[in-house]
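A.B. asks: Each chain is listed here by its residues.
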Amino acid sequence: MSAKEEFYKFTGTQGYIASESLVDAVNCALALERPLLVKGEPGTGKTLLARHVSESLEMFMEQWHIKSTSKAADGLYVYDTVQRLNDSRFGGSDVSNISNYIKLGPVGRVFSADKRQVLLIDEVDKADVEFPNDLLRELDEMRFTITETSAEVVAKERPFVIITSNNEKELPDAFLRRCIFHFIEFPEPQMMKKIIDVHHPNLDTTLLDQVLIKFYWLREQNELRKKPSTSELIDWIAALLRGGIALDQLEEHIPFMGALLKNEQDTEALASYDDRSGRYPSNWADLGPRYNQ
Amino acid sequence: MFSTLFYGLRDEGVPVAMQEWMTLMDALGKGLHGSSLLRFYYLSRACLVKSETYYDAFDRVFARVFHDIEGSLPIEEEVLEWLRNPENHQQLSPEQLAELERLSQDELMRKFFETLAEQDERHDGGGKWIGTGGHSPYGHGGVHPTGVRVGGPGKNRSAMKVIGERKFKDYRTDQALDVRQIRVALKRLRHVTRHGVETELDLDETIDETCRNAGEIEFVFRAPKRNNLRVLLLMDVGGTMDPYFEPVSQLLTALYEERGLRAFEAYYFHNTIYDCVYKNATLRPDAAVNTADLLRYYNEHWKVIVVGDAAMHPAELLEPYGNINPSMTSETTSITWLHKIHEHFDRTVWLNPDERRFWEHSYTARMVKKLFPMYHLSVEGIGDAVNGLVGARVSTGEAA
Chain A
1 MSAKEEFYKF TGTQGYIASE SLVDAVNCAL ALERPLLVKG EPGTGKTLLA
51 RHVSESLEMF MEQWHIKSTS KAADGLYVYD TVQRLNDSRF GGSDVSNISN
101 YIKLGPVGRV FSADKRQVLL IDEVDKADVE FPNDLLRELD EMRFTITETS
151 AEVVAKERPF VIITSNNEKE LPDAFLRRCI FHFIEFPEPQ MMKKIIDVHH
201 PNLDTTLLDQ VLIKFYWLRE QNELRKKPST SELIDWIAAL LRGGIALDQL
251 EEHIPFMGAL LKNEQDTEAL ASYDDRSGRY PSNWADLGPR YNQ
Chain B
1001 MFSTLFYGLR DEGVPVAMQE WMTLMDALGK GLHGSSLLRF YYLSRACLVK
1051 SETYYDAFDR VFARVFHDIE GSLPIEEEVL EWLRNPENHQ QLSPEQLAEL
1101 ERLSQDELMR KFFETLAEQD ERHDGGGKWI GTGGHSPYGH GGVHPTGVRV
1151 GGPGKNRSAM KVIGERKFKD YRTDQALDVR QIRVALKRLR HVTRHGVETE
1201 LDLDETIDET CRNAGEIEFV FRAPKRNNLR VLLLMDVGGT MDPYFEPVSQ
1251 LLTALYEERG LRAFEAYYFH NTIYDCVYKN ATLRPDAAVN TADLLRYYNE
1301 HWKVIVVGDA AMHPAELLEP YGNINPSMTS ETTSITWLHK IHEHFDRTVW
1351 LNPDERRFWE HSYTARMVKK LFPMYHLSVE GIGDAVNGLV GARVSTGEAA
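These protein sequence lines are chains A and B, in that order. Everything in the first sequence is counted per my numbering, starting at 1 for the first residue and increasing by one. Everything in the second sequence is counted per my numbering, starting at 1001 for the first residue and increasing by one.
Simulated from the structure, these hints should not be mistaken for lab results. Where hints are given, some of them may not hold.
Stated by the list, open to error - Computed cross-link-like contacts, SDA-like style, restricted to lysine to any residue with a CA-CA straight-line distance of at most 20 Å: (1) A:Lys115 <-> A:Glu58; (2) A:Lys9 <-> A:Arg51; (3) A:Lys126 <-> A:Glu58; (4) A:Lys71 <-> B:Thr1193; (5) A:Lys226 <-> B:Leu1028; (6) B:Lys1225 <-> A:Ser68; (7) A:Lys9 <-> B:Gly1029; (8) B:Lys1225 <-> A:Asp128; (9) A:Lys227 <-> A:Asp173; (10) A:Lys9 <-> B:Leu1028; (11) A:Lys227 <-> A:Thr149.
Bear in mind that the values here come from a model prediction, so they are computed numbers and not experimental data.
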């Protein structure tokens, strides 16, 4: 392995616990200079991954947050015709020089950077179905032409592209073929303990166990429409710590429910469970074989 | 080299093409798999599989290909090549290296497989087993097939154990419908036109108008593109449809959540459509709406999806007074109403929760299928039905 490849080796950071398979996928994408496509439940840290990769590799990160109205061309550059029109009427900068009105988008900025950068294309599935296809050539060849000025923008250093998707839309095959793919699984309790340790170090182990048992029990409840995720768990623990909740309180009911359940039906479903004086589990053994291996 | 894996995946319906395969070869060429089967597993999964729905199929194929060492696994060459490369022997002491060289290649391979066959669990340290931290000459050999851990510290699960857990079973698409998948299938349900409030700047018109205005800027706006599709859902409830409550309600949820639609309405019926349909699934008289009114309320541009198994007694469909609910019966036959719906609406599709092979056995299903293009209520079927609603026209009957 050459020194350069050794240099770009991601192992996770202090603030981000990555599974082995994720680390391998990141390194694979880095070494092969392919875009990395990350999918997973909301709240499993897809966006956070890009931030920590850029941090640990000391590369600047450009973030392109995709909305339903985003167009592929916007990521490359925007030609501000209205400004030019306005300047031609009222005077301003040099109207005859079109390049004054070309503003590079996130992709354009990453390409023209001097150092290798991380480009995060966040929630690519939010955009139109054809969106990823429109970016194929640009991400493959790492170059594009500004039609208005015929200038070509070529990437000096191939950026590391991380693409996240929430699976709202299927991505086109041609696009997928070019990516390295990783699906972030929901963390197992062991992994979850490590993740929590990063955010809430030195948590009392009995409390942590109780919190996790409740949390995984909640996730097992099929009535819930939106299962609580890692980020919600971390918020919840923060709320518990600030609220100074004692262990025995946690055994009877689930305090600060709002941090975990984000929709009305779910809160009601749990309230009715409370009313039926349903018991909450307090041992891993109550959760079934999946958690007791 | 590992072509069994490649073709095994293709046989299982995982869409793997040469491009992905070359990517994996490229990655292996760079030595990204290190010396561990588990890492090779992660690496090949990341390169070859592009959707978590295929993770389970991948696991099964991987286990099949790499589990049985007795088979003629084309792995020996690579292992040998790896062992021949002195760079890979840095951790061995000079004595061990000398010993390694003494062993002829054949014997080395034989011992390698012998050791594999003897060993049935992971092993770290020590001098005999294949594993990490030890000094067995076999432990450092690239990829080997029993799932014995050969990785670094902190990794405590074997590849075969990881694979054996079959964690991705739930993500398979062929087993059950889920709302998200239906939504993905429904995404194509769109007919984009410009309508609504004019909020988008029409640049060409603006420039034209500005020129006409002698350079005084004149902005021209237009309505943005929006989905102009309206969907009417008619749903069979009760009786033979009860077993299909789950997939049907998921389809309904998906349609309700499909905010891209311009309008969406749902009505219910039992078995087949007569004079009335109902606003809710209780089918009580106070929720009844005359089918004739339905055809007046909704013009031909509404796309109609009928969900039902279309399986009933022929008399219910074809005879006057055929309604099995005696209080609701009437002279007009159900088939007449179905004909009216067919004629009134531009496009209608029928989604049948029964499997395709049962359709031919039901006389009434065959009748209905002659009238409407019929599709199976599954992710693929819904995708095809959406095509039937908005795609190029297909003649009735041939569609399914």
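A.B. asks: Could you run down the list of hints and mark each one as holding or not?
C.D. replies: For each hint, the structure was consulted:
{"no.": "1", "hint": "A:Lys115 <-> A:Glu58", "verdict": "holds (10 Å)"}
{"no.": "2", "hint": "A:Lys9 <-> A:Arg51", "verdict": "holds (15 Å)"}
{"no.": "3", "hint": "A:Lys126 <-> A:Glu58", "verdict": "violated (29 Å)"}
{"no.": "4", "hint": "A:Lys71 <-> B:Thr1193", "verdict": "holds (18 Å)"}
{"no.": "5", "hint": "A:Lys226 <-> B:Leu1028", "verdict": "violated (40 Å)"}
{"no.": "6", "hint": "B:Lys1225 <-> A:Ser68", "verdict": "holds (12 Å)"}
{"no.": "7", "hint": "A:Lys9 <-> B:Gly1029", "verdict": "holds (17 Å)"}
{"no.": "8", "hint": "B:Lys1225 <-> A:Asp128", "verdict": "holds (12 Å)"}
{"no.": "9", "hint": "A:Lys227 <-> A:Asp173", "verdict": "violated (30 Å)"}
{"no.": "10", "hint": "A:Lys9 <-> B:Leu1028", "verdict": "holds (16 Å)"}
{"no.": "11", "hint": "A:Lys227 <-> A:Thr149", "verdict": "violated (50 Å)"}
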